[in-house]
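Asker: Since the structure of chain L is already known, use the hints to place chain C on it.
2 protein chains.
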Amino acid sequence: METGIKYFEDNQWLIGEEKFRTDWLGKAETIMCLGNGYLGIRSATEESYIGETRNTFVAGTFNKFDDNEVTELPNVPDLIGMDFRLNNQRLDLTLGTVSEYQRTLNLKTGELIRSFVWEYQEIKARFTFRRFASFSNKHLIAQKVEIQNLGVPLTIEVISGINGQVSNSGSQHFTEGDKALSEGKYMQMMPYTSQSNIFFVLSTVHKIAKEHDIYDETKKRIEMGRRKIYNRYWLDLDQNESVSIEKISSIHTSIDLETSGKTLEEVKNSSLVELKQAEELGYQALHEESKNAWDKQVWSVLPITIESENIKDQLAVNFAKYHLHVMTPAHDERMNIGAKGMSGEGYKGHTFWDTEIFMLPYFTFTHPEIAKKLVTYRYLGLEGAHKKAAENGFEGAQFPWEAAWPDDGETTPVWGAADIITGKPTKIWSGFIEQHITSDVAFGMKQFMDVTGDKTFSREKGYEVILDTAKFWASRLEWQEANQRYEILEVVGPDEYKEHVDNNAFTNYTAHWNITLAMKLYEELKANDPEVFDRLNKKLDLTRVYNEWQEKVAKLYLPQPNKDKVLPQDDTYLSKPIIDLTKYKNDAHVGTLFHEYNLDQVNNLQATKQADVLLLLFLFEDLFPKEEKLINWNYYEPKTLHDSSLSLSTHAILAADLGKLEESYELFNKALDIDMGENMTSSNEGIHAASLGGIWQMTVFGYGGVRCLDGKLRIEPHLPKAWNKLSFGIIWQNNPLTIEITKEQMTIVNHGEKEVEIESFGKSYTIKEEIIITL
Amino acid sequence: METGIKYFEDNQWLIGEEKFRTDWLGKAETIMCLGNGYLGIRSATEESYIGETRNTFVAGTFNKFDDNEVTELPNVPDLIGMDFRLNNQRLDLTLGTVSEYQRTLNLKTGELIRSFVWEYQEIKARFTFRRFASFSNKHLIAQKVEIQNLGVPLTIEVISGINGQVSNSGSQHFTEGDKALSEGKYMQMMPYTSQSNIFFVLSTVHKIAKEHDIYDETKKRIEMGRRKIYNRYWLDLDQNESVSIEKISSIHTSIDLETSGKTLEEVKNSSLVELKQAEELGYQALHEESKNAWDKQVWSVLPITIESENIKDQLAVNFAKYHLHVMTPAHDERMNIGAKGMSGEGYKGHTFWDTEIFMLPYFTFTHPEIAKKLVTYRYLGLEGAHKKAAENGFEGAQFPWEAAWPDDGETTPVWGAADIITGKPTKIWSGFIEQHITSDVAFGMKQFMDVTGDKTFSREKGYEVILDTAKFWASRLEWQEANQRYEILEVVGPDEYKEHVDNNAFTNYTAHWNITLAMKLYEELKANDPEVFDRLNKKLDLTRVYNEWQEKVAKLYLPQPNKDKVLPQDDTYLSKPIIDLTKYKNDAHVGTLFHEYNLDQVNNLQATKQADVLLLLFLFEDLFPKEEKLINWNYYEPKTLHDSSLSLSTHAILAADLGKLEESYELFNKALDIDMGENMTSSNEGIHAASLGGIWQMTVFGYGGVRCLDGKLRIEPHLPKAWNKLSFGIIWQNNPLTIEITKEQMTIVNHGEKEVEIESFGKSYTIKEEIIITL
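From first to last, the protein sequence lines are chains L and C.
Here the first sequence is numbered in our numbering, starting from 274 and rising by one per residue.
Here the second sequence is numbered in our numbering, starting from 274 and rising by one per residue.
Isolated chain L (complex conformation):
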């Protein structure tokens, strides 16, 4: 398969393309998307092409199109688009000859650069486009276009402004809003979201090097159309003459923390002041500030270095970290990470278990201050979780499968894509019965509390989440008279190709863990922290609930390995037919099984979408002995299609744990390919956020061997053959540790103030300053 992605052997920071093909627009838009956690911009080109998806999202600004749809991140009026007409011919790279083409995203600086020479008829010109979303002032977006005329004299018409005609695949979330122009060049548009009533202030200005052109009123014209405001500039370029056009834009909304309580008029005015300051500074200076912020906030923090035969490994880690920071709303604890970040409409900006199980660990171990916001979001979500539990006849906090604004409750759409046999839309059961999300939230919370040791947070928020989720689980258990035990029936486990199953192992074990943890916490708080205990006891009626926990957890059914030591994924999985899945597993496209089977049919095969039992064995690695894990790995891996991007990394880590380093590294490479691979359409709807967390986890948990087990730090590295050295860092209970691993030894340096205890290959170590362990 032809691939359009370009790596650079000598540069671990660049990802890009050297060929422009409109069939590949989606890939480039997604994997080179820009953002800063406040906003995300797909990297659609300035000029438009059929097949593009022109998206800008601002975290947390959810809106519901109508009562038949669920809330989603609305596609904000476009600030990026610019049209160019050269001697009245529209710039269009599908026409004429394009040479010296290159588009690259610099992961380190967050700058997207596109350059080429375009020849069409008598026109010949070199274009260089630069842009970034500022990492220092998260409201700012800056672009710079340089055009060098290499041919006949040109009149270049630039048409650029703010375009509010964009939508979410046809659903329009915005009122048209007011438009305004100041001093003939500062353009603003102020739409409202239609249901959540959030106002946006979008501002833009152009700064053109040929000053006499921009200030010559006969050479520009302001135009306003429906949902549009833009300027036309006519620039004359003699042969070899160049011009640069900077476009500086900003976005503010009424839910920004800093605009809280301000009127639209006030925000409009302050945006204009800010825009003028940014215009004054100009592209280059703004970019310096942004680059420094990237360095300070991301790249200088516990850097990861891989010495590998394959440059792609290091690149992938940089790629993952870049996108994790681009997509994570670190500025506001009322927001969380979308399953596609803010790089596409897929999953509507909603937050899933992907956060706790896949992305959160990166932040927990390296950016605890950001992780704290992400777990606080779940604490703020308790109200919505109570709502959901009550709606379903349960107690406590049942977290929504898909979450948007914290108190929204469940936001999973009810209907999905068409069934190929019946042609009818498929019901999405996740929102109803994919209930393991609640223990996943508890898991992420516990990991955060253990790794950071943040007692204040735990006492104020974390403990409550653990207790409240356990309360849900207790009410959820169903007494089965015939079996004389509690069971959990009619669920979807992590493997979404098995709907309405009973006693999904992952669900039952994690529910059991959640309740057991809550019981232990209850006892500890009662004994040692009466203040917190009394408050929570009063709020959650703990004493009554504790008795229920005691009774129920003892009788909760935990599926046991069969005679072959295979842990059954659910009550019926192991009795279903097995088919050869090789051809589907080898297809670069996921979901190809569905070209031949429908969901009902797949439901009745031993075909697993994604890590399920194996995820349980990874997350709770003490549950089963290594031998059984190996048996289960051998059993489930061939039956796992990895049709979810939440799968390969788990298998890769587990394989590494089990010493299958060759298979692990193969899976590692497949996992990188989810977004960086040869399938040029896999990322069309947005980046695979969980997979990016997975890249970090494969590196640090898999090959670095880091694990937080029952509140203790364990580090048992095993490098794949291709790697000579791996160094990375984590923060353990406020102590930054840097770890350098070679095939021979591991060096851990403690940069913190306190001693750190670790376990490694059965031994315990105390690290004061530095320790070297021979491998």
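Hints are not guaranteed to be accurate.
Identical chains share a label here; the pair holds if one copy fits it or two copies do between them.
[Said to hold, decoys possible] Here are the computed lysine to aspartate or glutamate pairs in the DMTMM-like style, where the Cα-Cα straight-line distance is at most 20 angstroms:
(1) K697 <-> E456
(2) K501 <-> E325
(3) K292 <-> D365
(4) K535 <-> D814
(5) K812 <-> E656
(6) K799 <-> E496
(7) K492 <-> E869
(8) K645 <-> D723
(9) K492 <-> D860
(10) K493 <-> E869
(11) K564 <-> E539
(12) K501 <-> D340
(13) K697 <-> D451
(14) K697 <-> E539
(15) K458 <-> E869
FYI, nobody ran anything at the bench for these hints, they're computed from the structure.
Answerer: Showing chain C alone in chain L's frame:
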């Protein structure tokens, strides 16, 4: 200026293009648009291009996006779009070599045909696309695509279905709606309008000649996306092999007369039955039916024949008639004609005075049964007109400047495009103060009653409109103590470049006419038709109002010619500066004055947008002697920019009346060019409906010399130099007359049952069967 419009010297029925340029998409989409009065479809190509506007509208289905917007015709999910991938290369005419390209609309049959040979890399194929909107079953749209493979073996992927992601420039009027698939190929989509709550049932099916392909499940795949349902077909074509793909679609809505009271489920089912029948018949047979309906309903009815040196003249008349029937909802009196028909988003599908003054006369004189529906629409609009009058503190019926659903009342948007100086949106005053619409409605009504002699309609509906509008005018007049007379202050006349003027001549004279007419009617009814008189007297309080009329009309100020015999357009017009407008008048683009002046500035020049005083002199030709008309023509024509498409035809007719045949014919040709001329962007927002009515009027009223004056028929022809013969027909009070005019004589044949009286050049004639008048 390069032009893309192609005429055919030997064919008066074809208009088209022989060059494909994406800059010209809008022109082709508009002037070759399809429709049947029930629906209108812009002729966007099957495959998509940047710059296209993909519109389908269904008459009367108005919806309001939100409370800040006015109601408009929503852009219906697209049924026309089809994507083709040849060996995985998307069909795109901007790429490779296109030869033998031709796109033509056959005005006679309503069929749009596009054909070309496309060569790109190793691909070479001939494509022929045909489509029509059925004129016999107005819910049906049919397409046929033939592909002949002229190169290497091809796998052609066809992606086609229903696309609900379209919007009105970003405003989405529809809920997503349910999607359904029957028997693997019948696709349906059932969205609702968001505010008016009208449901739509859109259905489509493909019929592929290579039957083994369409029925081979492995060679097709149904897909549903957000607001989308479509099939993918993979067709294999060896060299020289051909395939044809028919796509048959239908649209029904809950406001269709025949679905009244039916549920969505019922309409969905009946649509499916109808679709299957249409599929069975196939493209060719469906087209025969449609073509016959065009012949029967349009082309065989009082045909117009022009023997001219210029084929374009005859073509233009055919073009005008084609579009007048395409845009006119002849099926439902609750609907009227939009100012852009249903060929674009411009003016939102709203009805203006354009109907009465420009398009209605065509129907009144040739299709009285359709005209009756159009005037009935105004009768149904009385409720909205009362609402508007009451809101403004007036009595009676004040018709809205822009009308949508009959009882909506005023639907003119309040804000328009940006002022180039201030950058702020311009307030649209028409909805508030362009009040002549009310007498225009009365004028159209009176003409309809006079020409058709339809007493039943008059007694039931027509008289009431005349009386109720007069009642409005009486309440509208303002007593000016200083002048001791009634005046009409603060209006916009037909010339919209003069806002807030006092005593616009057109407005004052037509108001005076309206009241005078009502008084006469009052007296006649009172004397001769007590039943109708009593009913209307009771309903409208006529006796009181009649006294008011008597008092006021005698004192209503009618602007008088100045010492140079120029009739002042308003109180201040003649005192404003005069500038040379030649350069703007000669520009093929309208509105170019606004690149240099803003509306306030233009307000203060003797620069007129469109026929104003001259329109008055045309419509009420007895008001002033010919000599004064000539003076006024000479005065106002150089000051008239013809920036409205409601202008040139009036000047052309008046010039013909005044014996200025050469100037008239020049204006005639300019008028044709509004849509058919070399300005390739003038029709982007839709066709100029009034201008099309103007083409008919220039022909029949201008050169045919037909006029209905004070209830009498007058025919005084004068052919332009280029014309040898003109024949046409009208229906005078139920009697079809055919009129043949040469330079020497006029022959009138009366095909009706009664004698017809006419006047011609000062003489009266009675036509029993045939009459020949020497010219």
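Asker: Hint by hint, note whether the structure agrees.
Answerer: Here is how each hint holds up against the structure:
For the homomeric pair K697 and E456, the shortest alpha-carbon distance between copies (11 angstroms) is at most 20 angstroms, but the shortest distance inside one copy (55 angstroms) is not. Taking identical chains as interchangeable, the C-alpha atoms of K501 and E325 lie at most 20 angstroms apart whether they share a chain (19 angstroms) or sit on different chains (17 angstroms). Proximity of K292 to D365 under the C-alpha cut-off of 20 angstroms is found in both arrangements, the shortest distances being 14 angstroms within a copy and 19 angstroms between copies. When the C-alpha separation of K535 and D814 is checked against a cutoff of 20 angstroms, the pair qualifies neither within a copy, at 40 angstroms, nor between copies, at 55 angstroms.
Taking the shortest alpha-carbon separations for K812 and E656, only the intra-copy value of 13 angstroms comes in at or below 20 angstroms, while the best inter-copy value is 61 angstroms. In this assembly of identical chains, the alpha carbons of K799 and E496 never lie at most 20 angstroms apart, being 69 angstroms within a copy and 57 angstroms across copies at closest. In this assembly of identical chains, the alpha carbons of K492 and E869 lie at most 20 angstroms apart only when taken from different copies (12 angstroms versus 60 angstroms within one copy). Taking the shortest Cα distances, K645 and D723 sit within 20 angstroms of each other inside one copy (12 angstroms), while across copies they are farther apart (82 angstroms).
Taking CA atoms no more than 20 angstroms apart as the test, K492 paired with D860 passes between copies only; the shortest distance there is 19 angstroms, against 54 angstroms inside one copy. For the identical chains of this complex, K493 and E869 are inter-copy neighbours only, at 12 angstroms across copies versus 57 angstroms inside a copy, given an alpha-carbon limit of 20 angstroms. When the C-alpha separation of K564 and E539 is checked against a cutoff of 20 angstroms, the pair qualifies neither within a copy, at 30 angstroms, nor between copies, at 62 angstroms. Taking the shortest Cα distances, K501 and D340 sit within 20 angstroms of each other only across copies (19 angstroms), while inside one copy they are farther apart (27 angstroms).
In this assembly of identical chains, K697 and D451 lie within 20 angstroms of each other by CA distance solely across copies; the values are 9 angstroms between and 41 angstroms within a copy. With identical chains, the CA atoms of K697 and E539 are at most 20 angstroms apart between copies only, with a shortest distance of 19 angstroms across copies and 49 angstroms within one. Taking identical chains as interchangeable, the C-alpha atoms of K458 and E869 lie at most 20 angstroms apart only when they sit on different chains, with a minimum of 18 angstroms there against 56 angstroms within one chain.
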